[in-house]
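So the protein lines, in turn, are chains A and B.
The numbering of the first sequence is the numbering used here, which starts it at 57 and goes up by one.
The numbering of the second sequence is the numbering used here, which starts it at 57 and goes up by one.
To be clear, the hints were calculated from the coordinates, so they are not data collected in a lab.
Some hints here could point you the wrong way.
[Said to hold, decoys possible] Derived DSS-like pairs (lysine-lysine); straight-line CA-CA distance at most 25 angstroms: (1) A/Lys113 x B/Lys103; (2) A/Lys436 x A/Lys78; (3) B/Lys110 x A/Lys103; (4) A/Lys316 x B/Lys395; (5) B/Lys396 x A/Lys311; (6) B/Lys389 x B/Lys78; (7) B/Lys113 x A/Lys352; (8) B/Lys395 x A/Lys311.
[Stated by the list, open to error] Calculated from the model, a selection of chain A residues having no Cβ within reach of chain B, i.e. all distances over 10 angstroms: (9) Arg64; (10) Ser90; (11) Glu102; (12) Lys128; (13) Phe130; (14) Thr149; (15) Glu173; (16) Gln287; (17) Phe321; (18) Lys423; (19) His470; (20) Gln535.
Since the structure is predicted, the reported quantities are computational estimates derived from the model, not experimental observations.
Glycine included, C-beta positions come from ideal geometry on N, C-alpha and C.
Protein chains: 2
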Amino acid sequence: MAKEITPRSENYSQWYLDIVNKAGLAENSAVRGSMVIKPYGFSIWEKIQQSLDKRFKDTGHVNAYFPLFIPKSFLSKEADHVDGFAKECAVVTHHRLMNNPDGQGVVVDPTSKLEEELIVRPTSETIIWNSYRDWIKSYRDLPLLINQWANVVRWEMRTRPFLRTSEFLWQEGHTAHSTKEEALAEAKLMHDVYADFAETEMAMPVIKGYKTESERFAGALDTYTIEALMQDGKALQSGTSHFLGQNFAKAFDVKFLNDKNKEEFVWATSWGVSTRLVGALIMTHSDDEGLVLPPKLAPIHVVIVPIPKPDENLINKANEMAEILRSKGITVKIDDDPKKRVGFKFAEYEMKGVPVRIGLGNRDLEKGMMEVARRDTKEKQLMPLDSLGESIPALLDDIQENLLQKAMDFRTEHTSIANDLNEFQHILDTKGGFIYAHWDGSSETEAKIKELTKASIRCVTFDAKDEPGKCILSGKPSQRRVLFAKAY
Amino acid sequence: MAKEITPRSENYSQWYLDIVNKAGLAENSAVRGSMVIKPYGFSIWEKIQQSLDKRFKDTGHVNAYFPLFIPKSFLSKEADHVDGFAKECAVVTHHRLMNNPDGQGVVVDPTSKLEEELIVRPTSETIIWNSYRDWIKSYRDLPLLINQWANVVRWEMRTRPFLRTSEFLWQEGHTAHSTKEEALAEAKLMHDVYADFAETEMAMPVIKGYKTESERFAGALDTYTIEALMQDGKALQSGTSHFLGQNFAKAFDVKFLNDKNKEEFVWATSWGVSTRLVGALIMTHSDDEGLVLPPKLAPIHVVIVPIPKPDENLINKANEMAEILRSKGITVKIDDDPKKRVGFKFAEYEMKGVPVRIGLGNRDLEKGMMEVARRDTKEKQLMPLDSLGESIPALLDDIQENLLQKAMDFRTEHTSIANDLNEFQHILDTKGGFIYAHWDGSSETEAKIKELTKASIRCVTFDAKDEPGKCILSGKPSQRRVLFAKAY
């Protein structure tokens, strides 16, 4: 089974698609650009959702649900937003089908044409701020801290499962505040929540910074991003948090009376992460044998496989062991299917990235031992059975830490400094990865560098030190280096 | 605040809308027929979701996600299904907008017309069975027990929040089996799961039975339903589970090799409940003062209100109490907002249906007492503070039980037997409710009774005794009574 995966060194894109396919995560559907998220892939998304939802609620947010459809006219109310989102989108024009007069199937009933077309939401700022106008009258109604879990559609020409699909699942936070400072603090707080989630749960280190003007969300005054580095040396934008200023409040006329009884426009943020995170997870940790998952997001932590064949003694023991582990919050699967060979089972759980596999044979059992294999390093060791309640949780913690450390090391090795365009191009051609380089601050230079090298500015990092230098393209003065990379 | 609700006796429909509005559950949106589910309403749906999702997983189901869009041709593959669902639906015909040549806003780009129109899913049998064709090859791949939580759209002319909206949230289970018996057992199992959920969590008694042919799901061989009785004497279909036979397998050519290596079509079920359950919950328990919620689905179980004004002593005590209650799994809110009057707070939590309110005054506190008000009966009593860790959980259990009992009593009082059409009409005109009556088994008679009386056959109950009689309309012989009611 494992042999069917294309090695990363041979074809990275195909390796990714092989893992998505063979680990049973997702597949293409009959609808161009829309994927089916299969049960195992969806269970990873459920773990991501649960963990994020708790973080959102712990920071005072509540969930709500706004309509899927947005009246076409809403999209053009915010001048920048319309350019970003009112382009490739799904447009509903009719509301009825009828039997085909020629007797074959159904056709659109021309009399059911809508007066105003509806757009399937590409993002919900407009429909939400249209509601907020009625919800916000006074400073007492603020802040409004709302999130929604939803599907959105952005018509994409080139799609890849999880990374870029026409329909995807995400969460979008939309908050309203009485002051600029409070909105800025919210946008930064959620940026921190995303970064902490990525590192703590996904074991995926991220670089935090803000986007340049040309890479900002359409309608935002500032976009904060977390950027992760994939194993092919390309960056993946993994979550963004936007300070929207008063743009949407002005577009939808959302005002409030402040505590001095004066009318003001409301300040806004929005922030989102999507099923793209599943793609990020795959590409951060997996190897040529299949998926590798950090224990905190693994749907199954431990699989117990009786060797060579399940007998009653082994199954009883496995159940005992599972009970101990489950009492520690560990998810355990016992695979006692007599129809599959042990070798097949081992390869399957390797493919699916189950962090720990316990092989249970009668001979080891007599000695009070079990064979424990960890998915991340593929090391196997015999461990005493009677302490599994302590050793397995410790091993899972160790795997989680090891994956983060490994990803950090990879990033460190693939982060460079370039002082001129030749050096910059050379790094991209040889090892790729993140490159810190000077830039003169103009959108023209940024676009030109991207055109020449395919690398874009991922962000201006928050922790960048002042370090005067010269732009790698224009030679004009620059105050600090910014972060470049080729990106998904 | 409470005074603003229209009494049920005056205008039941308006009473319902008042509660939805004033308890902050939902509101109409800018998109005709689509509602905004507000945070408090959504938190009730979240409780419903969590509880159902656990039941689904406990019975072996997993979640997945299938595309929002369905190619138009899919809808006409199953002959009955097309009549039921390929009518009033949202049709996507284009995938791009462009700036209006006249400079005003955006218009549909006519060059972006899709070759085949896409339908926003009204239900997902077709797109899912199109995937199942590739997933199912052998009896070893079966059963497939999959659920999805999703939004669906059915274009509705007359909408009411939660009860009937063009877009709604639901779950849809779609299972595949190797035998008819197994599929039938699955359809019945999920029917039982729904009934148990309704009674145990929603405190809403339901009648279980199967639908007549004319009320079946489009494409089903049998539809099992749970029917609840609302306070206006009308029935609400609250959940359905369908035995689909091999209809969708045949339409989408889904075959498997059985254990004798012979090819067969796969057997199917589907089953769903929706945000309509929130409407059912509102109408089952609420009163003229507002929402009444069963504790098991209440987002907040207990609110503690310091009286008359919060001082440090009271707030400290409230926090201590909350800690004790939270350690028992109870959700507690402390309302120490100094800007709102106590009377306003009391009315607000009554409106929102918080099951238990604890008033905490310094005078009671000195005596070691607290004032406890239960929302269901509106009784108040002084209770000793030091035993709240036992008394409040017991009170919540009592409220849950009382609400179920009250709803059962209401249903008993509003369930009648009619032996002829006059009696039948008289019952409908006076007290409404469920009516058991004889029917000759023909769709014509069923339609005629509905036309004459507006009452429809809700179901043929599973526990109906054999009791020969005569059809109330045709006088033809009937073997047992069936359940009629006017319905939502």
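Cross-check of the supplied hints:
1. For the hint pairing A/Lys113 with B/Lys103, the CA-to-CA distance comes to about 14 angstroms; that is within 25 angstroms, so the pair holds.
2. In summary, the hint linking A/Lys436 to A/Lys78 is supported, as the alpha carbons are separated by about 24 angstroms, within the 25 angstroms threshold.
3. Between B/Lys110 and A/Lys103 the CA atoms are separated by roughly 14 angstroms; this keeps the pair inside 25 angstroms, and the hint holds.
4. Restraint check for A/Lys316 and B/Lys395: the C-alpha separation of about 16 angstroms stays at or below 25 angstroms, so the hint holds.
5. Only pairs whose Cα atoms come within 25 angstroms are accepted, and B/Lys396 paired with A/Lys311 is accepted, the gap being roughly 23 angstroms.
6. Distance hint between B/Lys389 and B/Lys78 is fulfilled; the C-alpha atoms sit about 19 angstroms from each other, no more than 25 angstroms.
7. For a cut-off of 25 angstroms, the pair hint linking B/Lys113 to A/Lys352 stands: about 20 angstroms separates their Cα positions.
8. Between B/Lys395 and A/Lys311 the alpha-carbon distance is near 22 angstroms, which keeps this suggested pair within the 25 angstroms criterion.
9. Distance to chain B confirms A/Arg64 as a non-interface residue, since its nearest Cβ pair spans about 27 angstroms, more than 10 angstroms.
10. Not every CB of chain B lies more than 10 angstroms from the CB of A/Ser90, the least distance being 4 angstroms, so the non-interface label is violated.
11. Here A/Glu102 does not stay apart from chain B, with its beta-carbon only about 7 angstroms from theirs, under the 10 angstroms limit.
12. Distance check for A/Lys128 against chain B: the nearest CB is about 6 angstroms away, which does not clear 10 angstroms, and the non-interface claim fails.
13. Not every Cβ of chain B is farther than 10 angstroms from the Cβ of A/Phe130; the closest lies at roughly 7 angstroms, contradicting the non-interface assignment.
14. A beta-carbon of chain B is positioned within 10 angstroms of the beta-carbon of A/Thr149; the least distance is around 5 angstroms.
15. Against chain B, the non-interface label of A/Glu173 is violated: not every CB pair exceeds 10 angstroms, the least being about 6 angstroms.
16. Every C-beta of chain B lies more than 10 angstroms from that of A/Gln287, the closest at about 26 angstroms, which supports listing it as non-interface.
17. Even its closest Cβ contact with chain B, about 20 angstroms, leaves A/Phe321 beyond 10 angstroms, as expected for a residue assigned away from the interface.
18. At the 10 angstroms boundary, the C-beta of A/Lys423 stays outside the reach of chain B, the nearest C-beta of that chain being 35 angstroms off.
19. Against chain B, the non-interface label of A/His470 holds: every CB pair exceeds 10 angstroms, the least being about 33 angstroms.
20. Non-interface status of A/Gln535 relative to chain B is upheld: no Cβ of that chain comes within 10 angstroms, the nearest being about 37 angstroms off.
In this structure, the hints that do not hold are numbers 10, 11, 12, 13, 14, 15, in rising order.
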